[in-house]
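If you read the protein sequences in the order shown, they are chains X and E. Numbering-wise (our numbering), the first sequence opens with residue 1 and increments by one. Numbering-wise (our numbering), the second sequence opens with residue 297 and increments by one.
Read the hints as simulated data drawn from the structure, not as lab findings.
If you anchor each label on the Cβ, the simulated ranges turn out as follows:
| id | chain 1 | residue 1 | chain 2 | residue 2 | range |
| --- | --- | --- | --- | --- | --- |
| 1 | E | T353 | X | L30 | 11 to 21 Å |
| 2 | E | G302 | X | R268 | 53 to 63 Å |
| 3 | X | H267 | E | R504 | 30 to 40 Å |
| 4 | X | G46 | E | I493 | 44 to 54 Å |
| 5 | E | K505 | X | M133 | 44 to 54 Å |
| 6 | X | L164 | E | T371 | 51 to 61 Å |
| 7 | X | L128 | E | Q423 | 56 to 66 Å |
| 8 | E | Y474 | X | L185 | 50 to 60 Å |
From chain X, some residues computed to sit far from chain E (all C-beta separations above 12 Å):
| id | residue |
| --- | --- |
| 9 | W53 |
| 10 | A60 |
| 11 | R63 |
| 12 | R166 |
| 13 | V188 |
| 14 | A266 |
Quick look at which bits of chain X chain E covers, simulated, 3 or more residues with Cβ under 8 Å:
| id | segment |
| --- | --- |
| 15 | 35-42 |
| 16 | 212-224 |
By construction, the Cβ of each residue, glycine as well, lies at the ideal position given by its N, Cα and C atoms.
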Amino acid sequence: MSQQPSVLYDALGPRGQRRVVIGSVLAGVLIIGVVALGIVRLAAKGQFQTTRWEVFTQPAVVRFLANGLLATVRVALTAGLLSLVFGLALALARLSVRRAARYATGAWIEFFRGVPLLLLILFIAHGLPQYGMKLSAYWFLVLGLTIYNSAVLAEIFRAGILSLDRGQREAAYAIGLTYAQSMRLVIVPQAVRRMVPTLVSQLVTLLKDSSLGFVIPFEELLRRGRGLGEFYPQSILQAYVVVAAIYIAVNFSLGRVAVWLEGRQAHRYGGRVHLPGGPEDLAMIEVRSAALVPSD
Amino acid sequence: MGVVFGHLSDYASGFWYTVALTLASFLVSLLVGIVIATMRISPAAPARAAGLFYVETVRNTPLLVLLFLFFFGLTKVGLAYSIFVSGVIVIGAYHGAFVAEALRSGVGAVSKGQAEAARSIGLTFSQSLRYVVLPQAFRTVVPPIGNIFIALTKNTSLITVIAGVDLTSAADRLNTTYAQAIPIFFGAAVAYLILTIPSGLAFGWIERKVAIAR
Chain X
1 MSQQPSVLYD
11 ALGPRGQRRV
21 VIGSVLAGVL
31 IIGVVALGIV
41 RLAAKGQFQT
51 TRWEVFTQPA
61 VVRFLANGLL
71 ATVRVALTAG
81 LLSLVFGLAL
91 ALARLSVRRA
101 ARYATGAWIE
111 FFRGVPLLLL
121 ILFIAHGLPQ
131 YGMKLSAYWF
141 LVLGLTIYNS
151 AVLAEIFRAG
161 ILSLDRGQRE
171 AAYAIGLTYA
181 QSMRLVIVPQ
191 AVRRMVPTLV
201 SQLVTLLKDS
211 SLGFVIPFEE
221 LLRRGRGLGE
231 FYPQSILQAY
241 VVVAAIYIAV
251 NFSLGRVAVW
261 LEGRQAHRYG
271 GRVHLPGGPE
281 DLAMIEVRSA
291 ALVPSD
Chain E
297 MGVVFGHLSD
307 YASGFWYTVA
317 LTLASFLVSL
327 LVGIVIATMR
337 ISPAAPARAA
347 GLFYVETVRN
357 TPLLVLLFLF
367 FFGLTKVGLA
377 YSIFVSGVIV
387 IGAYHGAFVA
397 EALRSGVGAV
407 SKGQAEAARS
417 IGLTFSQSLR
427 YVVLPQAFRT
437 VVPPIGNIFI
447 ALTKNTSLIT
457 VIAGVDLTSA
467 ADRLNTTYAQ
477 AIPIFFGAAV
487 AYLILTIPSG
497 LAFGWIERKV
507 AIAR
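With the rest of the complex left out, here is chain X (with noise of 0.2 Å):
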């Protein structure tokens, strides 16, 4: 990532420099030390033996733990799709002209974002059932990304919906095309491709999001590792540490693609499409606007 220029300080002379190179050298030591004593006493319990680490190199452990991203994954792309589509008639339903749709979806959008999503999925793991509803744990752990992404997801699209500029409703309703043909014609289309990049980087959230379905219990990857690290205790760990590498690799390159395809879209729109905070602020974009009706 390049440096833009900073007002806030010159280019930094000999003494300045000097000044950094020292307190980067102290500050090396003082992280180095306390990595070191992790390591001393971590080494101490013997977490370095090769033997525990060398089980991920077995073929049998990799093709087990990829089985697990491969869930992960698979779980938040159908999470994902769905709730597009969920998402995406939530936001049309809340931007109705009948006001009994408008407040019915506004209230289930406002309460499932304003609960946590593990409340969600325990409550859909060991309380459906109760009620005679028996889907397999990927189900389960779909259906509560779902019910919960959706809802963040609507308002993600109600934003972009209400972010496209006034003229392009008033010019579809000009060549006579009725509210639901300008929707789907003019303004969802825009509204989608403005919200690429947000949506990309709200699946980096689902990714992560998924790893609630350890509780249900589903296999998906943090499972697999915990479930390694019951097979050898030895590597528990380790384990743990493998497993944070691959969601950390998995959802850097995501969020690669999405300042990608945001500097694009920046390019397109002469304006940038702003990310506000980081994936986990999106959960609660802030709407402040009136529904979007036909002024007359």
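We have chain X already, so just place chain E on it with the hints.
Here is chain E on its own, set in the frame of chain X:
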């Protein structure tokens, strides 16, 4: 609903646990966020790199994985923290990365002329940050910080997985005993909304209160 009103004390203890965990981790996340954000805009390249490394690592790992790594990993080093303290540290450190990013974008949002003016009257980097840029940045980042606070409140529920006794675990335990999922979980959901909706309003109020009149 009878089962809910019959066990209000279970909900209450879980509720206060969640409140305490939320407030303590939020405090940690603010501290971590300020430090990391300062590193990310600092003149020292190694500090910038370290800040970026922290943010990218933490943001791309599921909170639950971090919680497991910390909780089960540290016992291997011979350090053992209580469930609550582990939760405060991990949840605080995790959301600190988001706070840092919010603050950084807030600093970017402060008009360039402010920093230029501060520098031209001879303030150093840290002085211009402390007296001119950060006070204004804090005002613009109230809404994103509010969002992070609400996300954090919801994420404290993960403490349930490492056997913390918060609202979510209270609901799950009641459900195990009484098997009436709809009222029991709905009760917990309402309790969470009692936390999140007023904090959303409070942050909105703070936002209006500190807004810079232009």
